[in-house]
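K.L.:
Heads up: the sequence lines are chains A and B, in that order.
With positions in the first sequence counted from 1, the corresponding number in the numbering used here is that position plus 253.
With positions in the second sequence counted from 1, the corresponding number in the numbering used here is that position plus 253.
No wet-lab data here; the hints were simulated from the structure.
Idealized CB from N, CA, C, for every residue including glycine.
Worth double-checking, as some hints may not be accurate.
[Claimed, not checked] Cross-link-like lysine to any residue pairs, in silico, SDA-like; alpha carbons within 20 Å at most:
#1 B:Lys272 x B:Ala484
#2 B:Lys311 x A:Arg362
#3 A:Lys411 x B:His423
#4 A:Lys293 x A:Arg331
#5 A:Lys440 x A:Glu412
#6 A:Lys311 x B:Pro400
#7 A:Lys311 x B:Asp401
[As the list claims (entries may be wrong)] Sample of chain B residues lacking proximity to chain A, with all beta carbon distances greater than 12 Å (derived):
#8 Thr258
#9 Gly398
#10 Trp471
Number of protein chains: 2
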Amino acid sequence: MKLKTENFLVHESTKVDLKKSPTLIKAFYKSKEDYEDALKEGVKELSDLQELLYASNKYAVLLIFQAMDAAGKDGVIRHVLSGINPQGCQVFSFKHPAATELEHDFLWRTTCVLPERGQIGVFNRSYYEEVLIVRVHPEILQGQGLPDSVLGEETVWKEHYRSITDLENHLHRNGTKIIKFFLHLSKDEQKKRFLDRIDKPNKNWKFSLADLEERKYWKQYMHAYESCLSATSTKHAPWYIVPADDKKMPVSSSQIFF
Amino acid sequence: MKLKTENFLVHESTKVDLKKSPTLIKAFYKSKEDYEDALKEGVKELSDLQELLYASNKYAVLLIFQAMDAAGKDGVIRHVLSGINPQGCQVFSFKHPAATELEHDFLWRTTCVLPERGQIGVFNRSYYEEVLIVRVHPEILQGQGLPDSVLGEETVWKEHYRSITDLENHLHRNGTKIIKFFLHLSKDEQKKRFLDRIDKPNKNWKFSLADLEERKYWKQYMHAYESCLSATSTKHAPWYIVPADDKKMPVSSSQIFF
Chain A
254 MKLKTENFLV HESTKVDLKK SPTLIKAFYK SKEDYEDALK EGVKELSDLQ
304 ELLYASNKYA VLLIFQAMDA AGKDGVIRHV LSGINPQGCQ VFSFKHPAAT
354 ELEHDFLWRT TCVLPERGQI GVFNRSYYEE VLIVRVHPEI LQGQGLPDSV
404 LGEETVWKEH YRSITDLENH LHRNGTKIIK FFLHLSKDEQ KKRFLDRIDK
454 PNKNWKFSLA DLEERKYWKQ YMHAYESCLS ATSTKHAPWY IVPADDKKMP
504 VSSSQIFF
Chain B
254 MKLKTENFLV HESTKVDLKK SPTLIKAFYK SKEDYEDALK EGVKELSDLQ
304 ELLYASNKYA VLLIFQAMDA AGKDGVIRHV LSGINPQGCQ VFSFKHPAAT
354 ELEHDFLWRT TCVLPERGQI GVFNRSYYEE VLIVRVHPEI LQGQGLPDSV
404 LGEETVWKEH YRSITDLENH LHRNGTKIIK FFLHLSKDEQ KKRFLDRIDK
454 PNKNWKFSLA DLEERKYWKQ YMHAYESCLS ATSTKHAPWY IVPADDKKMP
504 VSSSQIFF
C-alpha cells in the first residue's frame with residue numbers, strides 16, 4: 254500500500270494548525286518485515302532516479318528537514334538516503350553558526366553549500382532555524398550583531414519569510430527542486446524518546462540537558478512552526494507535515510521527490 | 254567644487270536612455286593638481302569612514318562596478334580604494350565562471366564572497382554579467398547546462414532581474430548597503446583607449462583581440478545596459494551612471510557611499 258503524499262502537503266496560502274495534523278496515523282505496513290521490504294523497494298527506486306538526475310546534470314534537488322528534537326531527522330536521512338550513491342548526495346547539518354557565518358546575512362551559510370546540478374542536497378536543519386529557534390528566543394537575534402534597523406521589530410519574521418520565499422523561487426527558476434519536511438512529533442512521544450536516550454548507554458550521547466530546557470518552550474515552538482509553514486509553503490517549494498510518532502513511517506520518499 | 258551625485262542617480266522605475274546620459278561633463282577641477290588634491294581629500298574621508306564601519310561591525314558595504322571594456326573600472330578601484338585599510342576592503346573580479354560555478358545558479362559565486370559586516374566588498378563585474386554579456390550572446394546561456402525550462406524564453410531576463418532585486422532587497426534588510434556604478438564610456442573614447450593599449454608596450458597586456466570582437470556588439474550592449482539599469486535601480490540598491498570619458502572624474506566616492 255502506498256501513502257497518498259498529497260494528504261501531508263501544506264497547500265500554498267493555507268493557515269496551518271498543527272493540532273489538526275496527526276503525529277500518528279494508521280500503519281501502512283502489516284509487519285516489521287513488510288515495512289522493511291517497502292523501505293528497501295523505495296530506496297532502490299530513489300537510487301535509480303538519483304542516477305538519472307546525476308547523469309542528466311540539469312536539475313538539483315534540495316531536501317530540507319526540520320523538527321523538534323528526537324523527531325527522527327537523523328534516522329530518516331540514514332535509512333532513506335543510505336542506499337544512494339554518496340557521490341550524488343551531500344548532507345549538511347546546521348548547528349550553532351560559526352563566527353564567520355554570523356558576520357553574514359542569515360541565508361549565506363546555507364547558500365554556499367547548495368547542491369550543484371545533478372546532486373541531491375540534504376539540509377538537516379537549515380536557514381529555517383532563523384524563524385524557529387530564533388523566533389522562540391529573540392535574544393539570539395540581539396546577539397547576532399545585526400544593525401539596529403533589523404532588531405526589535407515584529408516585522409523581522411515576515412521579512413525573513415520573504416527573503417526565504419524569494420530565494421526558493423529563484424532557485425526553482427534556475428533548476429533546483431526543493432522539498433521540505435516537518436517531522437511532526439507529539440510532546441509525549443518526545444518524552445519517551447528522551448527517557449530512552451537516558452536509559453540506553455548507546456543513546457546517551459544524543460541527549461543533553463539543553464534538550465529538556467527547550468522542551469519547556471514547546472508551545473512557542475509549535476506557534477513558530479505554524480506561522481513558518483503557513484508562510485513558506487509554496488507551489489515550487491512545498492512543506493510536508495510528516496507524522497513522526499511512529500519511526501517506521503517517516504516518509505515514502507521517492508513518491509514525493511520525483 | 255563638489256559634484257552633485259544626485260545628477261547621476263538612476264531613480265527607481267525610470268526608463269534609462271543612455272544617449273541622454275553624458276559620457277563627458279564639464280570638469281569639476283581646475284588643474285591636474287587641483288584634481289589630485291580633491292582625490293586625496295576624498296580618499297582620506299573614505300578611509301576615516303571605513304574605520305568607523307569596521308569598528309561598529311554592524312553594516313557591510315557592497316560596491317558593484319560594471320562597464321564596457323576600457324571604461325576604467327580597474328582604475329577607479331585602484332585610485333579611489335588604495336587609501337583604504339585592505340583588512341576592511343575586499344575586491345573580487347569576476348571573469349569567465351569556473352566549472353563549479355556554472356554548476357550552480359547564477360547568483361551563487363558572488364554570494365559566497367559577499368562582504369562580512371564591517372567590510373567594504375567591491376565587485377569588479379558581478380552577477381550583472383548574466384543580464385549583460387549573456388543577454389548579448391544568448392548562446393552562452395545555452396552552454397550553461399541549465400534545465401530546458403530556463404532556456405529559450407524571452408522571460409529569462411525579467412526573471413533574472415527579479416532574482417537580482419530580490420537578493421539585493423534581502424541584503425539591504427539584513428544590513429548590506431549596496432551601491433552600483435555604471436562607468437559610461439563613449440564608443441569613440443573606447444577606440445582611443447584601445448589604440449593606446451596597442452601603442453604603449455606597458456599597456457599591451459590589457460588588450461586582446463576579443464575586445465575588438467565585443468566592440469562590434471556596442472549597440473546590443475547599450476540596449477542590455479539600458480534595460481538592466483531601468484529594471485534594477487532601486488531605492489536601496491541604486492545605480493549611478495558615471496561619465497567615464499575623462500578618467501580624472503571617475504566618481505566622488507565618499508559623497509555617495511555614506
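K.L.:
Per the stated criterion, does the least C-beta distance between Thr258 (chain B) and chain A lie above 12 Å, as a non-interface residue requires?
P.N.:
holds, 23 Å
K.L.:
Is the straight-line distance between the alpha-carbon of Lys272 (chain B) and that of Ala484 (chain B) 20 Å or less?
P.N.:
The hint holds at about 17 Å.
K.L.:
So if I understand the rule, the pair passes when the alpha-carbon distance is 20 Å or less; does Lys440 (chain A) with Glu412 (chain A) pass?
P.N.:
violated, 30 Å
K.L.:
Between the alpha carbons of Lys311 (chain A) and Pro400 (chain B), is the straight-line distance 20 Å or under?
P.N.:
Given pair Lys311 (chain A), Pro400 (chain B) holds - Cα atoms ~5 Å apart, limit 20 Å.
K.L.:
Is it correct that the beta-carbon of Gly398 (chain B) has no partner in chain A closer than or equal to 12 Å?
P.N.:
Nearest chain A Cβ is 6 Å from Gly398 (chain B), so the label is violated.
K.L.:
May I ask you to check that Trp471 (chain B) keeps its beta-carbon over 12 Å from the closest beta-carbon of chain A?
P.N.:
holds, 29 Å
K.L.:
Does the alpha-carbon distance linking Lys293 (chain A) and Arg331 (chain A) stay inside the 20 Å limit?
P.N.:
holds, 13 Å
K.L.:
Sort out whether His423 (chain B) lies within 20 Å of Lys411 (chain A), counting only the CA atoms.
P.N.:
holds, 12 Å
K.L.:
Are the Cα atoms of Lys311 (chain A) and Asp401 (chain B) separated by 20 Å or less?
P.N.:
holds, 8 Å
K.L.:
Taken at face value, is the distance from the CA of Arg362 (chain A) to the CA of Lys311 (chain B) at most 20 Å?
P.N.:
holds, 18 Å
Hints 5 and 9, counting from the list given before, are not met by this structure.
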